[in-house]
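Chemist: Listed below are the residues making up each chain.
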Amino acid sequence: MTTTTVTAPPATAAALARPRPARDTWLVLVRELRPVVRDPFTVIFSLFQPLVFLGLFVPLLVVQTGQATAEVLTWFVPGVLVMIVLFGTGATGSNLQYEIMFGSHERTLVAPISRSALLVGRALKEVVPIVVQSLVIVAIALPFGYRADPLGLALGIVLLAVFGVGLGSLSYTLALKTKSNEWVFWAVQQSLIFPLLILSGVLLPLEGAPGWMRAVASVNPVSWVTEGERALLQGELVSGTVGAAFLAALVLAVLGLVVGIRAIRRSD
Amino acid sequence: MGVNRGGMAPDTVISTDKLTKRFGDLDAVRDLDIEVRRGELVAFLGPNGAGKTTSLRMLTTLLPPTSGSARVVGHDITTEQAAVRASIGYVGQGSSGSPAQRVRDELVVQGRFFGMSRAAAGARADELVDSLGITPFADKQVQHLSGGQKRRVDIAIGLMNAPTLLFLDEPSTGLDPQSRANLWQHITALRAEHGTTVFLTTHYLEEADRYAERVMVMDAGRVIADDTAPALKASLAGDTVTIEVGEPHEAARAAVVVEEVLEARPTVTGTELTAAAADGARRLPVVLRRLADDGVLVTSATCIPPTLDDVFLALTGRTLREAHAETPTDTPQGGPR
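Protein chains in written order, with the working numbering: chain A, 3 to 270; chain B, 90 to 426.
Careful, some of the hints might be misleading.
[Unchecked claim] Per label pair, the in silico range of CB-to-CB distance: (1) A/Pro23 <-> B/Thr317: 41 to 47 Å; (2) A/Ala16 <-> B/Glu411: 46 to 52 Å; (3) B/Thr155 <-> A/Val256: 29 to 35 Å; (4) A/Ala24 <-> B/Pro394: 57 to 63 Å; (5) A/Ile46 <-> B/Asp265: 36 to 42 Å.
The hints are simulated quantities; they were obtained by calculation from the structure and are not laboratory data.
Positions of the beta carbon are idealized from the N, C-alpha and C atoms, including for glycine.
Could you put the whole structure together from the sequences, leaning on the hints where they help?
Modeler: Right, dumping it as structure tokens:
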């Protein structure tokens, strides 16, 4: 081991003190994606759960409804895509929580980069696994007779991405608020995710559900996104359902980013 | 760099004015007034909960002060946070590298955070990987490193921007003796070559004693002493002189001589006399000569130079070890971690 040497001095403090939110966000986004790129199997492995639902739930629905597999898939696949976002992106805050406990989050707080970039970059990074996983799920369903409208699928992925940015931001916010209390993070996360999932009609249709359930579902943004996703993938590109879905996703994204940026600015 | 602004002397890199942090009813740090000059190696020494980490977190912009102010490398820690962050290196108590990231990637990213080009960050990372002996694990994920390896990575990350001022929070906690020695070798080399100012917290007495040029002793949110280790020891705690006489009845006669020569009243236990005295090593031979003249048989004599623990004892009435036992947690509820 030799002694430490120092070369090229970095940019001056004055230059670094100027805010560069776009550049910082890009740096954070690329940094967050790097482990995924280095080890792409993590994205594929996280498809295990949706595949279980696809493989074990669809046959049940076929029997229950008496419909053909392709027909059931038309109804079920969009829901599975929403579920990927709910479970994957909804849990992404745990990565930040681990970094908070590990110490690396603190280091980035002391670095001369914009605090909001630390959140926005992370939230935007969620888009990548959402796109990859959605395409993989659709591809897997194809041999079983599933068909999605191409343009609808493209728009559907955009919808999921916006929804994911919002949900991811909220998940990061939860991590920033619960700090090193892992169990609080998971308790809150799990007690929200499952009701949101069931009351969105992803797994089973809510048409025959009790009135109160339908009432809750009608204000559940996940339910709106699911309805919109189903419409889009069937080729219904412009409709009230689709508009409402994008509105719900956008509101969630704006809300998530606002509370997330506030939380990370106060982070210590 | 604007070191000369804000009325700071050109050589001053840290100056605080009544810097205070309160968590609820607790004054974690109270009226901190310190000055650190360029090139110094300063250690905050104190028990857990003394306010060392809280002070450091205020100086590095991680925590806003409740009152008071401070300038770090010429910038105000509350109104010019971005400029402070751009000027310092920081190694916290945890791991600086993100668990899922590869070591070298993290170094490059850190350089990019500091505005370096991809090429410059890469070159600097290679340099540090080489000089800190990181090469064997540069492509490993941080979470798969040993404690000593992680700490080396933390130092490398803290040095990516070639800071003129490096903050280290408990840098050697949890390291085995060899890794600790290794770490210090690097910190010392860094200073020798680049005159980097190093400001660290520690609760290891030997570490502060051996490496710091200046020790600031902290207790209960205040700096209670601030000087070089030898000066602190000389002024606050003398050498511990112990002599043993042959017969219990000779102890009383010996005590008179000891008190006269050492100017300190000894405690007598059986045939053993113990006294703390400044310059004990020079005075002990005088004591022995006088006792020989008086015909008192001395069977053993020792003179132990003081440690910083003796300084802490003299200042607070308790040893650091006792102080640690009182406050098992590092920071109060509602405080940072």
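Chemist: Quick check: does the Cβ-Cβ distance between threonine 155 of chain B and valine 256 of chain A fall within 29 to 35 Å?
Modeler: Check passed, 34 Å falls within 29 to 35 Å.
Chemist: Taking the beta carbons of alanine 16 of chain A and glutamate 411 of chain B, is their distance inside 46 to 52 Å?
Modeler: 48 Å Cβ-Cβ, so the 46 to 52 Å window holds.
Chemist: Kindly confirm whether 41 to 47 Å is satisfied by the beta carbon distance between proline 23 of chain A and threonine 317 of chain B.
Modeler: holds (46 Å)
Chemist: That 57 to 63 Å hint for alanine 24 of chain A and proline 394 of chain B (C-beta), does it hold up?
Modeler: holds (59 Å)
Chemist: If you check the beta carbons of isoleucine 46 of chain A and aspartate 265 of chain B, does the distance land in 36 to 42 Å?
Modeler: Roughly 39 Å apart at Cβ, these two residues keep to the hinted range, so it holds.
Going through the hint list in order, the structure satisfies each hint without exception.
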